[in-house]
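Going line by line, the protein sequences match chains R and F. Just so we're aligned, residue 48 is where the first sequence starts under the working numbering, counting upward by one. Just so we're aligned, residue 2 is where the second sequence starts under the working numbering, counting upward by one.
No wet-lab data here; the hints were simulated from the structure. This structure is a prediction, so every number in the text was calculated from the model and none was measured. Heads up, the beta-carbon is just placed ideally off N, CA and C, and yes, glycines get one too. Be aware that a few hints might be false.
Stated by the list, open to error - Cβ-to-Cβ under 7 Å is the rule here; a few derived chain R residues that face chain F:
no., residue
1, L67
2, L170
3, C253
4, L347
5, A355
6, A359
As the list claims (entries may be wrong) - No more than 25 Å apart at the CA atoms, straight line, and that leaves these computed lysine to aspartate or glutamate pairs for DMTMM-like:
no., chain 1, residue 1, chain 2, residue 2
7, F, K292, F, D339
8, R, K365, F, D339
9, R, K361, F, D285
10, F, K225, R, E95
11, R, K361, F, E55
12, R, K365, F, E224
13, F, K292, F, D235
14, R, K193, F, D235
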Amino acid sequence: MPDQHSSYKAVFHRHDVQLLGIIVVMAVIFSALSKSFLSPSNLVSLLENYSVMAIMAAGLLVVLISGGIDISFAAIAAVSQYVMATVLVRFGGNWLVAFGLSAGFGILLGIVNALLIYYLRALSVIVTISMMTFYFAILMFVTDGKSLYNLPDWFTDDLSLFGIPFPVVVAAIVLLVTLFLLSRLSIGRQIYGLGGNPEAAKRMGCNLLGLQCFVYGYSGFMAGIAGLVQAHRVEEVVPNALIGRELDVLAAVVLGGASLLGGIGTVSGMVLGIVLLAILQNGLTLLGVSSYSFGFVTGLVILMSVSATAYAAKHQQKQRVRHAN
Amino acid sequence: MPTKAATAPSTPASRPSLMAWFGRDPTATMLGALIALSVIFFSVLAPSRFLSLETPRAMAFQMPELGILALAMMIPLMSGGLNLAIIATANLSALVMAAIITKMIGPASPPQAIAGVIALALAAGLLTSLVVGLITGAIVAFLGVHPILVTLGTMTAVKGIAVYATNGGVIGGFPPAILFLGNGTLLGMPVPMILFILCAIAVAVVMSHAPFGVAVRMIGSNEKATRYSGVATDWMLVGVYVVSSLLCWVGAVVMMARFNSASAGYAESYLLITILAAVLGGVDPNGGFGKVLGLFLSLVLLQIISTGFNLLGISPHLTEAIWGATMILAIALALVRDRWMARLWLRRTSN
């Protein structure tokens, strides 16, 4: 039985609590150094800037928890975004059509990934890399890399709910749905089980094919929505605008404590990971540091974070061994 | 598990049959067949253009960059890891070399000074790569962090340094001696191809015969068992990323010589293609297995597809789509092949 003291200590050993601590410290420093950091307009634009990333990250988080990985979500987002925009430009439509098309295409391409992974018994990283190359190359081939600028006005006009911009609202809904899915629904618990121990999950009677289809379909679904939100935000569709974001999003999710080995990861951790990166980059911008330095700082943060986590795990294991003896 | 057993069919040596030959290196056989098919395909569609001496020449100039970088990816893959930082490492190393060369060589520099500066630049580039490899390897080995995470971090940080130092710009304009390494020919053979073949032979020999290579493959199969059998697995893992970075440096030299410039953003699309090429070439992404011959054949296949489509005037985007599809096809073929061989093996052993 852990006594009061050690459970008090355990709170500080939790990954998300540590992240929150770092975020608070950074926020205090940046707000002391720059007056505009805590201004409402800066915070809102910050939220808006990172909403697309958060939506894609929600899909990737679910895949990571299931023990897989999805590298193709940015390509899926680009494809579903383009399909949606083409239909809207040619035939017109409404929000329902837009959502249905981009989400539907995302789910479809995600399920193709899942079927290939399941039936070819291949590693998800290899299949999704191949399919990323495939989807994106087909998109570039079909569209010739042409951008779509003449999106309908109702689609690009600024929307807001109680003053909160549309992308932030969508991101918030997506995060709540993902949270509910992972923590309250049976299928969410099965996804944790699948990631923790696939063999055990199978013997418990989980439908592995169904779960895989759900997980990659969900990632595709999120990619489709992210594509839609991004098109609304920048008021144009550029085929290669989202490509290259895969590893950034992965970094944010991993920063939030999700394990590449599966079975571990939370929505709250993921959100904190994104907030950390967002605050860091925004703070540096406000302090007048060249945006060219973001990459280096981000990389350093990732390295320190994963190293610290691994070091803590090693340390804990050693202590456990010592206690056992 | 019959599929496991089928990967090493025990064909009697006294009866060398076609089956035995197929079984010895199934990946190479499959890739050979795919290469033959693609050659026939393009020869039929574009006989006059594809079947000229120009085709192998163009291929021999284009393949080495991707090839050397794919070798840099292959060694970490065989150890059960991955190095996402190869392109970033190569670009930073190329930038260091390019900066030294362009700053220190003027139009009036005497040849001895040029040679000295080039030697200095090459050494500095090598040192840069090795430092990156050492840091990556140390974090992977001593902290036990997953290589994807470590190299994701080093990739971002190393690219960040390169972008910060150049403000996203390009450094270029090299003396002929450097350009020769990327565009010259020696005895009718393109120099980059010679460099690639030398690297490939070195990697093949090290991975199959040297104690380091054997240890790396063992680590890829089962790290714990390797450690308990007395191998200093942590130092071997450091070695894996140092050697990978060393190959990045060779790739950097070839790249900067071919483009006559260096930048933080070159060849980024190669990153995932190198994984694709290695896995297509039979390198097990779970670690433990892989042959340079397989990698070489898969590079030849990818290059034939790319050159062939180029000659047919088909968009390079479609070529990339075909590359992705080839990968999926190869996985499917390998699965069918394993099942078929397992059935054959079962039939043979039950008799």
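Each hint, compared with the structure:
For L67 of chain R, the shortest C-beta to C-beta distance to chain F is roughly 21 Å, which exceeds 7 Å, and the interface hint is violated. Because the smallest distance between the Cβ of L170 of chain R and any Cβ of chain F comes to about 5 Å, under 7 Å, the interface hint for this residue holds. Because the beta carbon of C253 of chain R sits about 22 Å from the nearest beta carbon in chain F, more than 7 Å, this interface hint is broken. Proximity of L347 of chain R to chain F holds as hinted, the smallest CB-CB distance being about 5 Å (cut-off 7 Å).
For A355 of chain R, the suggested interface contact is broken, since its CB lies about 9 Å from the closest CB of chain F, more than 7 Å. The criterion of a C-beta within 7 Å of any C-beta in chain F is not met by A359 of chain R, whose closest approach is roughly 10 Å, and the hint is violated. Proposed proximity of K292 of chain F and D339 of chain F is supported: the alpha carbons are some 18 Å apart, at most 25 Å. Between K365 of chain R and D339 of chain F, the direct Cα distance comes to roughly 42 Å. Violation of the 25 Å bound is thereby established for this hinted pair.
Restraint check for K361 of chain R and D285 of chain F: not satisfied, since their Cα atoms lie roughly 28 Å apart, outside the 25 Å limit. As the CA atoms of K225 of chain F and E95 of chain R are separated by approximately 46 Å, the hinted pair breaks the 25 Å bound. Restraint check: the Cα-Cα separation between K361 of chain R and E55 of chain F comes to about 57 Å, which exceeds 25 Å; the hinted pair is violated. This hinted pair checks out: K365 of chain R and E224 of chain F have alpha carbons roughly 19 Å apart, not beyond 25 Å.
A hinted pair counts as satisfied when its Cα atoms are at most 25 Å apart, and K292 of chain F with D235 of chain F qualifies at roughly 23 Å. As the CA atoms of K193 of chain R and D235 of chain F are separated by approximately 49 Å, the hinted pair breaks the 25 Å bound.
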